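**Student:** Letter by letter, the chains look like this.
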Amino acid sequence: MKSVSGIFGRNGLRALLRDPRHYQISVLSSLILIGLFAYSFRLPWWHVVGCVGATLVTQALADRFIAKRPFDPRSPLISALSLTLLLRTGSVSLSILAGVLAVGSKYILRWRGKHIFNPANFGLVIVSLIFGAAWISPGQWGAAPVLAVLLLGLGGIVTGKAKRWDVSLALLGSYAVLLFARALWLGDPLAIPLHQLQSGALLIFAFFMISDPKTTPDARVGRVLFAALVATVGFSIQFGLHNSAGIILALILCAPLVPLIDHLFRDTRYAWPQFSPSHTPSPSQGVTHVHDLTPAE
Amino acid sequence: MSMTLRLLSSAIAFGAMAVATNASAFCGFYVAKADTDLFNQSSKVAMMRDGDRTVITMANDYEGEPEEFAIVIPVPTIITKDQVHVSDPALLAHLDVYTAPRLVEYFDDNPCNRMQYETEMRVFRALPQAVSETVEDAAEALGVTIEEEFTVGEYDILILSAKESDGLQTWLEQNGYKVPEKAKQTLSSYIKQDMKFFVAKVNLEARADSGNEYLRPIAVAFESPKFMLPIRLGTVNAQGNQDMFVYMLTRGGQVETTNYRTQKIPTDQEIPPYVKDEFGDFYKSMFHTAAERDGGHGVFMEYAWDMNWCDPCAADPMSDEQLQELGVFWLDNGATDIPQPQPRIRPRPQSKDVFVTRLHVRYDAESFPEDLKFKTTGNRDNFQGRYVMRHAYDGEMVCEAAADYKKQVNARRETEINTLANLTGWTRKNIRKKVEDDTGFFTMDDSAPKHRWWSKLWGSE
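Taken in sequence, the protein lines are chains A and B.
So in the numbering used here, the last spot in the first sequence is 297, and the numbers never skip.
So in the numbering used here, the last spot in the second sequence is 1461, and the numbers never skip.
Any given hint might turn out to be false.
[To be verified] Restraint ranges, calculated between C-beta atoms of paired labels, are given here:
hint, chain 1, residue 1, chain 2, residue 2, range
1, B, Pro-1312, A, Gly-160, 54 to 62 Å
2, B, Gln-1239, A, Ala-38, 49 to 57 Å
3, B, Arg-1251, A, Gly-113, 42 to 50 Å
4, A, Ala-38, B, Lys-1456, 33 to 41 Å
5, B, Glu-1147, A, Ile-108, 30 to 38 Å
6, B, Glu-1149, A, Ile-130, 43 to 51 Å
7, A, Ala-38, B, Gly-1280, 53 to 61 Å
8, A, Leu-197, B, Glu-1149, 40 to 48 Å
9, A, Leu-197, B, Asp-1194, 47 to 55 Å
10, B, Tyr-1106, A, Leu-241, 47 to 55 Å
Worth flagging that the hints you see were computed from the coordinates, not collected in a lab.
Nothing here was measured: the structure is a model prediction, and the numbers come from that model.
Virtual Cβ for every residue (Gly too), placed ideally from N, Cα, C.
Input sequences plus hints: build the corresponding full structure.
**Tutor:** Spelled out as structure tokens, the structure:
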């Protein structure tokens, strides 16, 4: 322990654990491993390598030539892992394309210093809409991994690793209200909405996709409104248009409204905690809300 | 006359509800007794889907008195006479065989003539799944509208829409159907989802005229974004599990359920050759064991293949005419398809854009509260339930390699016993006994001169 402190500085390890992205990277990687070994996902390793490589390279190039700042692999890694979990395809080039689109969208589709679309959501939706050989499999998770996702998601909230837990809970809450309201109106047994809530894709989406601090509204009121909106649009697509990926489509449709919501409900913008092994952050520097609008992702 | 309402089980099983005068008829229909033809109480449905266009062909294996046959199936749209067709039961039977799990066998060559495996292969298929050879004013007052009324083949068909379930239930009862009390809630849910009701009875005169001994499958064509099969009515009064086979034919790739997890049955396993004589039992036990490992229920993919070929083939791929009769609506009508002797293994040169997925669903009301919803994926990977038996060479073997070969075969047989026990849940003891009765293990001949490593060194011995 002492040696670790020696490497990272006295508060270094704490700082390492503080960055929510580290928790997210570990959780998403664990889910992929669970899917691979326990639920035989159809996921060749070279797809993972292709997608991770594509996001990292895109980010490295964009950081260097567009944003002109040091390369940080964490955000693209999260995008790649989310894509790996949710995008199914038989073609490695589509995995790579999804990764490039995901990260590329952050540098190109921007409004007032903030990117508009959730990167993984953007890559996922665009590739699965355009190419028949890529799709989203909402039914790929059984009941057991759903429990795992729920535990890890809630675990993130309880331990404070999820900085945007309000979005996750507001989304799941609104969606649950809609599902139960529908069941009550139809006179269906409550087993049906309960079953519908046990969707691995829904939970992964709620805890690990829509909760991205960089693309959600800055103010808590705005975030809760945004989550309710996404839930309503997703519910409508799912049950009105009979598209099982409704909630995932809803995010890309609602994302352009975030600047408007930010305009209505102003608050400080989120920035990832700054951490450097050579520099011990003081407690005040560990605060996650800063005012300057760096292009850091 | 009272009608017996058969919940959609096999026959029309999937969303249908049969009306019964006595509840015990249901139980008899649905309860699966242990070890007795579990799958006999299964429904078979072929679904052809492209875009929003759908054709559903439902096998009818109802075996009771025809005048008592009655079904109620929720459908997404109003159906007119030209959207209904009575189909040839042989087609679903053919599709069932084509997609069935298969057993292949290989014969070892004499190890003394150099070991050659896989010289001959034959294909066995799982036993076919018992496919069968094969008042308007009053209605209006009840809020029930008879949208369409027509006869197709041996069936009298009504398409009903309803404003509320009480009226629908009353109407059905007044017209000789007795609806289980518990079905009312489900009917109400379907009514609110703007579903219509496809109600069919047998027209005895038309049936006599047609000369068919059995009730034929009903095919229905419609256009709706809903890609689903209603199973809820069928589980209302059912006790225990039900099995349904869904044969999905699409232009895309594999079809999977979106609200339940689709998994694959175990495949490519080597099992003892004696299983050839009880492959049907093997299939049932293997499926049962796989389902039990997932809580006793589940959606299992048993076959997914491009319809142009198969390898090995449990039956020939279906011809364009057969597919079209079944309901595949996107084939080019101009294409000629002259039946030719089919090779057993090689792909056929012609190409048609049909991908088949066979899903085997075991469900009950508790584990499958929601209707089955599907999606077509872009996954065109082929998958089949395939089991391999390898016959050892049993002629005279006189050479040094024979001893090694026999050892290998004995080890292989041990592995096969374990594999079979693991797949089926059968006891190793019973399997071993059958293996020994069938082929036995090679006994190693200890009298043969033992060659020690030093025997060649100095030429001793």
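**Student:** Hint says 53 to 61 Å; check whether the CB-CB distance for Ala-38 of chain A and Gly-1280 of chain B agrees.
**Tutor:** 31 Å, violated
**Student:** Is 42 to 50 Å right for how far apart the beta carbons of Arg-1251 of chain B and Gly-113 of chain A are?
**Tutor:** Hint holds: Cβ distance 46 Å, inside 42 to 50 Å.
**Student:** Does the Cβ distance between Gln-1239 of chain B and Ala-38 of chain A fall inside 49 to 57 Å?
**Tutor:** Violated, since Gln-1239 of chain B and Ala-38 of chain A (Cβ atoms, about 32 Å apart) do not stay within the stated range.
**Student:** Does the Cβ-Cβ separation between Leu-197 of chain A and Glu-1149 of chain B fall within 40 to 48 Å?
**Tutor:** Hint holds: Cβ distance 41 Å, inside 40 to 48 Å.
**Student:** Taking 43 to 51 Å as the hint, is the beta-carbon distance of Glu-1149 of chain B and Ile-130 of chain A inside that range?
**Tutor:** Since the Cβ atoms of Glu-1149 of chain B and Ile-130 of chain A sit about 45 Å apart, the hinted range of 43 to 51 Å holds.
**Student:** Is 54 to 62 Å a correct range for the gap between the Cβ atoms of Pro-1312 of chain B and Gly-160 of chain A?
**Tutor:** 58 Å, holds
**Student:** Starting from the hint 33 to 41 Å, judge whether the C-beta atoms of Ala-38 of chain A and Lys-1456 of chain B obey it.
**Tutor:** 52 Å, violated
**Student:** Is it true that the C-beta distance of Tyr-1106 of chain B to Leu-241 of chain A lies inside 47 to 55 Å, as the hint says?
**Tutor:** Holds - the Cβ-Cβ distance for Tyr-1106 of chain B and Leu-241 of chain A, about 50 Å, lies within 47 to 55 Å.
**Student:** Taking the Cβ atom of Leu-197 of chain A and the Cβ atom of Asp-1194 of chain B, is their distance within the range 47 to 55 Å?
**Tutor:** 24 Å, violated
**Student:** Evaluate the given range 30 to 38 Å for the C-beta pair formed by Glu-1147 of chain B and Ile-108 of chain A.
**Tutor:** 52 Å, violated
Against the hints set out earlier in the document, violations occur for numbers 2, 4, 5, 7, 9.
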